[in-house]
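Undergrad: Going down the list, the sequences are from chains A and B. Just so we're on the same page, the numbering used here is the position in the first sequence counted from 1, plus 1. Just so we're on the same page, the numbering used here is the position in the second sequence counted from 1, plus 1.
Below, simulated BS3-like cross-link-like pairs (lysine-lysine); rule was C-alpha separation at most 25 Å, straight line:
1. B/K90 <-> A/K223
2. B/K260 <-> A/K68
3. B/K260 <-> B/K42
4. B/K18 <-> B/K8
Chain B residues, not near chain A, derived (Cβ > 12 Å throughout):
5. Q34
6. D37
7. Y150
8. G151
9. C160
10. H180
11. T215
12. R232
13. E244
Hints were generated in silico from the structure; no laboratory data involved. Computed from a predicted structure; not experimentally measured. Where a beta carbon is used, it is the ideal one built from N, C-alpha and C, also for glycine.
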Amino acid sequence: MATITRARVAEGLVAPWVEWERRCPKGRRLLEAGTYALTEGAIAAGCRVFAGYPITPATDIAEYMSKRLPQVGGYYMQCEDELAGMHACAGASLGGLKAMTATSGPGYTLMHDAYGWALTNEIPLVVVDAMRVGPISGITGAPGQGEFYVARYCTHGGNFETIVLSPSSVQEAFWLTIDAFNLSERFRTPVTILTDQVVSDMWEDLFLPDADEHLDFVVPRKHNLMMPFYPLGGADLDVPPNIIGRGTGVCVSAYTHTEEGYDIEEMEAQWAQTYRLVNKIRHHRDQLSRYETIGLEDADVVAVAYGADARTVKTAVLEARRQGLRAGFVRPITLWPFLDELYERDCHYVVCELNYDGQLVREVMRAAPDRAKVHFMGKSAELHTVAEVVAGLQGVARAGRIPELPYIWTEVR
Amino acid sequence: MNKLAAKYLRPSQIPTKACHGCGIGMIENWILQAIDELGLKQEDVVFGTGIGCVGRQTFATWGGDNFGATHGRALAVATGLKLAQPDKKYLIVVGDGDAAAIGTSHLIHAARRNLGVVVICEDNMGYESTGGQFSPTTPAGYVTNSSPYGMVEPSFDPCDVVKAAGATFVAETTATQWHQTVKIVKRALQNDGFSFVHVRFPCNENFGAYALGTRDTLKNLEWIYEHTQGRKADGGATDFVWETGIKHDASNSRPEFTKLLRDMNARVRAERTAAGAR
Numbered sequence: 002m003a004t005i006t007r008a009r010v011a012e013g014l015v016a017p018w019v020e021w022e023r024r025c026p027k028g029r030r031l032l033e034a035g036t037y038a039l040t041e042g043a044i045a046a047g048c049r050v051f052a053g054y055p056i057t058p059a060t061d062i063a064e065y066m067s068k069r070l071p072q073v074g075g076y077y078m079q080c081e082d083e084l085a086g087m088h089a090c091a092g093a094s095l096g097g098l099k100a101m102t103a104t105s106g107p108g109y110t111l112m113h114d115a116y117g118w119a120l121t122n123e124i125p126l127v128v129v130d131a132m133r134v135g136p137i138s139g140i141t142g143a144p145g146q147g148e149f150y151v152a153r154y155c156t157h158g159g160n161f162e163t164i165v166l167s168p169s170s171v172q173e174a175f176w177l178t179i180d181a182f183n184l185s186e187r188f189r190t191p192v193t194i195l196t197d198q199v200v201s202d203m204w205e206d207l208f209l210p211d212a213d214e215h216l217d218f219v220v221p222r223k224h225n226l227m228m229p230f231y232p233l234g235g236a237d238l239d240v241p242p243n244i245i246g247r248g249t250g251v252c253v254s255a256y257t258h259t260e261e262g263y264d265i266e267e268m269e270a271q272w273a274q275t276y277r278l279v280n281k282i283r284h285h286r287d288q289l290s291r292y293e294t295i296g297l298e299d300a301d302v303v304a305v306a307y308g309a310d311a312r313t314v315k316t317a318v319l320e321a322r323r324q325g326l327r328a329g330f331v332r333p334i335t336l337w338p339f340l341d342e343l344y345e346r347d348c349h350y351v352v353c354e355l356n357y358d359g360q361l362v363r364e365v366m367r368a369a370p371d372r373a374k375v376h377f378m379g380k381s382a383e384l385h386t387v388a389e390v391v392a393g394l395q396g397v398a399r400a401g402r403i404p405e406l407p408y409i410w411t412e413v414r
Numbered sequence: 002m003n004k005l006a007a008k009y010l011r012p013s014q015i016p017t018k019a020c021h022g023c024g025i026g027m028i029e030n031w032i033l034q035a036i037d038e039l040g041l042k043q044e045d046v047v048f049g050t051g052i053g054c055v056g057r058q059t060f061a062t063w064g065g066d067n068f069g070a071t072h073g074r075a076l077a078v079a080t081g082l083k084l085a086q087p088d089k090k091y092l093i094v095v096g097d098g099d100a101a102a103i104g105t106s107h108l109i110h111a112a113r114r115n116l117g118v119v120v121i122c123e124d125n126m127g128y129e130s131t132g133g134q135f136s137p138t139t140p141a142g143y144v145t146n147s148s149p150y151g152m153v154e155p156s157f158d159p160c161d162v163v164k165a166a167g168a169t170f171v172a173e174t175t176a177t178q179w180h181q182t183v184k185i186v187k188r189a190l191q192n193d194g195f196s197f198v199h200v201r202f203p204c205n206e207n208f209g210a211y212a213l214g215t216r217d218t219l220k221n222l223e224w225i226y227e228h229t230q231g232r233k234a235d236g237g238a239t240d241f242v243w244e245t246g247i248k249h250d251a252s253n254s255r256p257e258f259t260k261l262l263r264d265m266n267a268r269v270r271a272e273r274t275a276a277g278a279r
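Given only the sequences and the hints, what does the whole structure look like? Please build it.
TA: Here it is as structure tokens:
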């Protein structure tokens with residue numbers, strides 16, 4: 002296969018892979034699916050265990066993994082359910098191997114049990130949720146964006162922060178998966194890739210760095226071989242993950258724990274553990290900014306969208322600008338922690354997302370200077386059309402409100 | 002502290018928070034005896050557990066590496082761990098809730114795969130840490146805090162379930178049978194595959210108090226022993242009988258699950274090397 006040279010980075014994109022692409026000149030150019038890119042990204046990041054349960058539209062990740070992992074000395078395990086899948090990933094990660102699972106909404110719901118265990122015990126792993134329209138089984142082959150908050154509050158009990166990333170193209174799915182693994186290692190926490198049926202199933206141009214090229218930006222797995230196993234009360238990054246099976250005497254459990262990992266029922270221990278779980282992420286928000294913007298300098302109205310939906314919304318913003326509207330565009334890639342700083346401009350916001358209840362829009366309302374100027378364009382089961390979003394942007398710019406459009410919901414109460 | 006506890010357990014974590022007269026500590030001591038007689042060291046064994054009486058009382062007592070999973074998921078965690086650390090022995094010490102109720106699907110599939118772990122199901126015949134509700138192993142008809150008129154469901158025998166699913170070693174014993182239990186745990190640890198050991202023990206505070214009408218440890222132990230013999234102290238027959246001993250021994254008769262995966266990987270990689278693939 003011919004070696005190609007490429008540098009194709011969107012302007013206005015802030016993400017570590019802008020630099021990574023420049024550092025990987027040699028590779029292969031393919032036409033592949035998002036699920037393929039997610040798989041190859043994981044393998045490039047050093048993932049050696051996949052444990053999960055097939056579900057549309059994430060099934061192809063399982064199938065690709067079953068083929069690829071044995072080739073690189075890894076293990077594919079098809080579990081009895083998603084509970085087993087994510088717990089087995091946590092077990093494998095505790096044993097020293099990087100691990101990933103992938104699912105869609107109905108399976109994601111079953112993973113909250115394991116999320117809590119992995120979060121509390123600071124176990125690095127990556128979970129892909131390819132969202133489809135719901136609630137529950139919904140339409141298996143239609144995109145949705147219903148897990149924006151569920152991914153943030155991915156287990157019960159509170160007292161934690163989460164890292165959630167969302168790609169909008171096949172190429173980005175590849176780089177972002179490496180990034181997700183890196184963050185999970187550095188922050189010692191499960192990281193969620195919140196993608197959707199369109200990005201998962203879509204076939205697109207994909208550049209893969211050569212397999213023999215050393216990817217020096219991949220964060221390798223390290224092992225914590227001594228006490229403290231849980232540095233409570235601190236917020237440090239890059240604490241090596243704990244390992245079971247090396248005779249360190251580490252204790253890992255579902256309970257509030259001491260530095261040794263012993264279960265304890267004292268408030269001071271609870272507060273110290275909570276401090277770390279929350280602040281290791283809050284205190285390092287500067288390391289978590291990934292987003293794309295257009296025209297924020299002069300925009301009167303800014304369209305906000307993420308994932309696959311951001312593709313038509315971005316095209317609509319460019320079209321509106323061509324028509325003379327001062328339109329802007331924000332695509333958060335890091336969904337959580339929420340990037341409040343992207344909404345500092347005092348202007349109108351049009352938030353497009355694939356649900357009727359309004360999830361992302363509520364966070365934009367909270368972050369924007371004037372929540373009265375935040376407008377909702379909710380759609381269900383299919384992407385916004387460019388024409389719909391252009392009409393929405395024009396309506397807000399001219400009359401301060403979204404015009405009535407079929408199948409578009411604007412109420413958020 | 003006895004010599005075995007000093008050798009294998011964590012002084013800071015024992016005695017446990019178990020109730021007076023609980024059988025959990027006694028069974029753990031017998032497990033230590035089996036480990037010691039096999040010459041295993043702390044670093045050879047990973048100790049996994051779950052939630053409830055057995056989980057809470059045994060977690061972090063083992064001097065080596067420990068994990069306490071969410072309720073029912075100890076075997077799911079162990080499946081991933083065994084992939085990553087295949088050379089360790091895994092003692093999965095759980096109660097009847099973890100093994101026979103909330104985690105039954107993982108138990109069945111671990112047995113089917115012949116995952117190389119030893120499950121010790123310490124069964125106090127109900128959910129005693131939440132106050133004594135019935136479980137799938139509570140004898141039918143008995144009174145508990147959630148079956149005040151007698152449990153109407155039939156109970157099931159987890160040994161039958163794992164045997165049907167493909168476990169390579171299955172045994173049943175009780176907290177009244179010291180030497181038999183030590184012998185069984187030793188045999189279980191020598192199987193490079195899925196071993197299941199069911200150990201019934203008395204709960205004085207709840208099952209004993211509500212089902213049997215006594216908090217007397219010796220009386221509760223005696224009730225269990227009588228049911229292993231089928232005969233009461235007064236010579237009459239018991240209402241049912243528990244057959245104890247080794248119920249199925251096909252130790253080392255088929256490959257362990259993670260070995261199958263490692264062998265497949267070796268074959269795939271050899272074929273790719275032979276084909277000149279990158």
